[in-house]
Amino acid sequence: MDSVGNLIIYAIAAIAIIAFSILAVTTKKILRSATYLLFTLLATAVIYFQMDYEFLGAVQIAVYAGGIVVLFVFAIMLTHKPGKDAEPLSSHKKWLGVGAAFAGAAVCAGALFSYGKFCCAKLLPGSGFDIKEIGSALLDTDKFGYLLPFEAISILLLACIIGGVVIARRR
Amino acid sequence: MYLIPSLIMFGCGVFGFITRKNMIAILISLELMLNSVDINFVVFNRFLYPDQLNGMFFALFAIAIAAAETAVAIAIIINVYRVAKKVDISEITKLKF
Amino acid sequence: MSFDFSILVLAIPFFMFLFLGLVGVKMGKKITGVVGTIAMGVTLFICYSIAFTYFFGTDQGQISAEGVRQSVLAYDWNWLTFTDKLVVKLGILLDPISAMMLIVISTISFLVHLFSLGYMSDEYGKPEKGFQRYYSFLALFTFSMLGLVVATNIFQMFIFFEMVGVSSYLLIGFYYTSPAAIHASKKAFIVTRLADLFFLVGIMILSYYTDTFDFNALMASPESALSSAHGQTFMGCSVMAWALTFIFIGGAGKSAMYPLHIWLPDAMEGPTPVSALIHAATMVVAGVFLVARLFPLYVLEQGSMNIVLVVGAFTALYAAAIACVQSDIKRALAFSTISQIAYMMTALAVSSAPGVGEEGGLGYMASMFHLFTHAMFKALLFLCAGAIIHAVHSNENSHMHGLHKFMPITSIAFLIGCLAIAGIPPFAGFFSKDEILVACYEKSPLWGVWMAIVAGMTAFYMFRIYYLIFHWKKHEVKEGHHAPHDMQWTMTLPLIILAVISCVAGFIPFGKYVTADGQALHTHTNWPVAISSVCIALVGIGLATKMYFKENDLPSKLKSKFNGLWTAAYNRFYMDELYQFITHKVIFQKVCKPIAWFDRHVIDGTMNLLADMTTSASFAIRKMQSGSIQSYVLYYFLGAIMLAAVTMVIVLI
Amino acid sequence: MEIFSNILIYFVIVPLLTLAGLALCRNKGIGAIRTVAVMGASALMILAITLVVMFLKERGAGNNAEMILTASWTWYAPLNVKLALGVDGVSVVMILLSAFIVFAGVFASWKMDPLPKQFFLWFFLLSTGVFGFFISIDLFTMFMFYEVALIPMYLLIGVWGSGNKNYSAMKLTLMLMGGSAFLMLGILGIYFHSSADGNLTMNVLEIAQNNAIPENWQLFLFPMTFVGFGVLGAMFPFHTWSPDGHASAPTAVSMLHAGVLMKLGGYGCFRVAIYLMPFAASQLSWIFLTLTGISIVYGAFSACVQTDLKYINAYSSVSHCGMVLFAILMFNQTAMTGAVLQMLSHGLMTALFFALIGMIYGRTHTRDIRDMGGLMQIMPFLGVGYVIAGLASLGLPGLSGFVAEMTIFVGSYENADVFRRVLTILGTSSIVITAVYILRVVGKLLFGAVQNEHHKQLTDANWFERLSTTTLMVSVAIIGCFPNFFVDIIRDSFVPVVNALSDFFPVVIR
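Residue numbers (my numbering), protein chains in the order written: chain A, 233 to 403; chain B, 144 to 240; chain C, 745 to 1397; chain D, 38 to 547.
Hints are not guaranteed to be accurate.
Cβ pair distances, simulated, as ranges [to be verified]:
1) C:F796 / D:N521: 33 to 41 Å
2) C:M1392 / A:E286: 33 to 41 Å
3) D:S79 / C:I1326: 46 to 54 Å
The set of hints was computed from the structure by calculation and includes no laboratory data.
Think of the CB as a built atom: it goes at the ideal place given N, C-alpha and C, for glycine as much as any other residue.
Turn these sequences into a full structure, and let the hints guide you.
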């Protein structure tokens, strides 16, 4: 961490991520859950910004926070009567979930700490990609060019649009 | 360091996915997991190969796919709701047949 | 004249079998019968000319430089190769006994063909259903029997043993709608098959040590053939003794020696001409023929020979005892046949090697002589019985009585047969039986006396049958039936021919032609033996005359006096019941059923148990597929974690 | 391609062409379907006869190679898997047998209903597998064709069968698959030890030449392969699929299965298990000899009390096929020749039996011998056919069974080993038991009074049924009358295997 400011920002973002994700999966009201998700995603965007990936952060905010969460909200509106709580979790299931989550986390953490390298690694000075570079890489066919995945994604999106329409269509 | 919140976020996602009964809540948990993975990609890219953009693009595409997937999933959920009048996953188990 | 044409002896009957069987249905019944009979007549002619050439010709190599009659190999065709040395050949071997058998078989077969033309028709001369089949089977039997006697090797003999077994099965079961016939045919086949099993094992043992099937190779030097197994013993006896005993059991099955005799009386369910052909004259002597064929080996293996002797002598007495009380004339004749064949067996067994002592090889010659004469007069008796049965439609002697007036030709023919079998000179049986008795006395007086007693019993029971059929009391013609009468010429002619042969056959100088070593054997009548045997026979006849010539109550008195013995003999000393018990109660119920049960429940049960375990395991696993996404994810996730953890541990360590 | 100039490949191509032809037929076009099927079967028969002629010519010309008409085409180079073709005397007669039975089978299923087209499709797929198995000398190809022959069985029984068909089809397929699982293991084991210098091969000839399978591995792999093939050869105690399977299978399938498919077992035991692993064969043969010896007697005794015609025949197959394996394990030329003769003979006469049973069942709608009787009066042709099949089965000279059994018994007895000789004598006793059950059936089924009045209206065989059964009867008689023709073809094929065995076992090569 090159500066205290950065550190503070990171700390805030990290705490926000942790806190809101926990809240998102534990809160009783589904709408609140969606809201907490929004905050988590925003905090993630902060982390992207901090790593000099401005474009990615922007996309994160626009698509995730702006698009997906709104989609969630609409879905919730459509399928839930306002003010109705989720039913309490059965305790064995809860413990099962906690166990699974902690086991996974433990394994990953084990992997993480056993390498130790990332725990306090210095952020190297980024080369500072600008948006133009990203754009040309996205449509490039050379090495490190991403035209093919880009096109594949677009077809996928198209398929999703069609699929969404077909599925949601009233029969 | 950046991976720690991602790790916790992933754990929350797993927990939520397994325990919640509301399909939308499950979807939200899924988003959490995806998001944590995105962070990982970006972090690895930034720390290991700062000169390249592979991880970032991966995250970018993942976001796009997540958006698509969410859209379809929500369409399905709404449809299921229309048919079954519920979004509770524990009661919708007929798909195994 | 060479023996090349001898192949026709086998070819004609075989062709007739196929021809009559396949084309016969289209031809009409009468024609089929006539064609079959004519073909048999041709075969008869060929057989006679072969025998004539063999016995009286000199230029076909049958007489060696030393004047010894030796065998001629007319044909030898490789049929099946087992190993380089063991090759089954089909061929034609002519030697004294096979030439003699050719005469016997073709004569009787021809006469039976002729006789059947009438017998197998109803009273209006219309042939019965299955007439073509009958003639086809007769041809098959003739083929098999001829093939048997001309066998060049022991395996060919086995092959034709099986063939005659099958044709006998088919002919016994000719009336296949009658349960008794089916049962009898099955019994005949299975009992002889059991014997053939031993025969086969005997062949395997013999050929294993001698490396050959060929009779010529075996006979050329019997000592060296046997010595190849020298020192080899199995359960205390030399392997050759085992082999020869097994082979004898094979012969005993066909020749109905005790205890394998049980099929022969039942085989009388077949048409009577068939009984005359197969179960009196030809097939049943196959066992005797087999032992005679291997006589040089048996002579060297006295252990086996003693078994043959004991079995033969016992059977002779046993069957004669049963024959005294049977009421079914065919059964009585059947037991008489068993007894007479046992006589031949005994004669073979008491015979010493040719050239040994004064009477060496006498038994062998006598046995063959008796085989020849017996075939003639027993066929005569059976054909007479056939004529009688055809006339009165019954086998029981209680339905006959007093037929002498109605059927004079048959009656005289039957009487000649009886005199011949009883051994009254000058009929054929006297000469052959006399030789046998001489041979028995040579061996030991015990056997001589024993066989003489049997001869007396033979005379008694034959005349008992004769009197009960033709005299005893007046014949009662049932209402609605024709009075019995002599039959048409096709049926009486064979009777007359056979009667004539039975009268004169005894004067054939048999010893000159048919001997064990090919050298003429000069026989001379042994007067003490001859006179005593005639006396015994006369006593038997006298007894029978006293008891059965006119209706009286002596037989029933005797019957009530020896009730136990009479009942036991009437029921054939319960041998059939014993077999029934063993086969049904023991083998069927205690072996087959448990095995079938075991298969269905234990072996199959194990397989089904495995399947059931798999099914229940899958049902148990099926619960895991709940349809709940969350549990799937949980399983997946736990699996992934485990994999990750394992990987990590591996990487870290 | 070069491989197409080999006649052998056409044994696979012709059934496949027939399959294609059948696929083009309309579902209901029974006439076209029959035409195509008959053409296919006849072409196979002509090919088979041509093959025999070619084989005799080659041998006559002094070609004494172990396998002749060899050809090879690599289809997966990394594993050295080839489509290697080649025949020796044994395969030639097996191909001939298969061709005859396929031919008779087509006529026996002339009136197949329902779905005739699909039936013949599967039927010819099955024959493809059978022929493919016999022509190939590559372990992988053999195994592949083996499976091709097995799988159609499930559908053929499950769809066109009768009675408890689902159970039987499942049981048969699963047990045979279980066998092929063992076999797969065995083949892989052989493959990985096929060569000492790392040039792994699947070719049977090369493996035998390399002779590189270590002895301890042989002891492990031999039981695998032998049991794997033995299941198909109905070896005790793995035979229980046979009664149920045969009882439920449609006529032609029973014919093909008992007639040919079960022979795959015996053939494989000889070609793969014993030939490639002579050491283990000589060490372990006593176990399998005991099992097969039990098979012979046990099957025969079981058959004595069955009341279902097909069960009787299935158990008699257990007995007869046991004899095949028994003879193969005797390790001498004569007994092994007898085994092949027995395969031929059993194939033909069982096919004949099943054809006749199918025809009788098609008329009376029962297979229980207690419900039938006196059929000889009603359907004399079928009755005579049954008697002939029965006589062949119990070993009447002049029909095939006698020749085969005698060769086996005499050959088996030509062993210096007392154990084997005693077993042989025990095995010999089966000829009596066979006579008992055959005569029992013949007596109850054909002779006697007619049991059921309705049976009096039944008709005798049609022309196609006559054609089918006559083909088989004539073949049975030809083998029985001229056995040396076949013995000459078969006999020398066993020289290599007997030579291989003679290193470990006091083989009497006579």
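Against the structure, the hints:
1. C:F796 / D:N521: 33 to 41 Å: holds (34 Å)
2. C:M1392 / A:E286: 33 to 41 Å: Roughly 35 Å apart at Cβ, these two residues keep to the hinted range, so it holds.
3. D:S79 / C:I1326: 46 to 54 Å: holds (52 Å)
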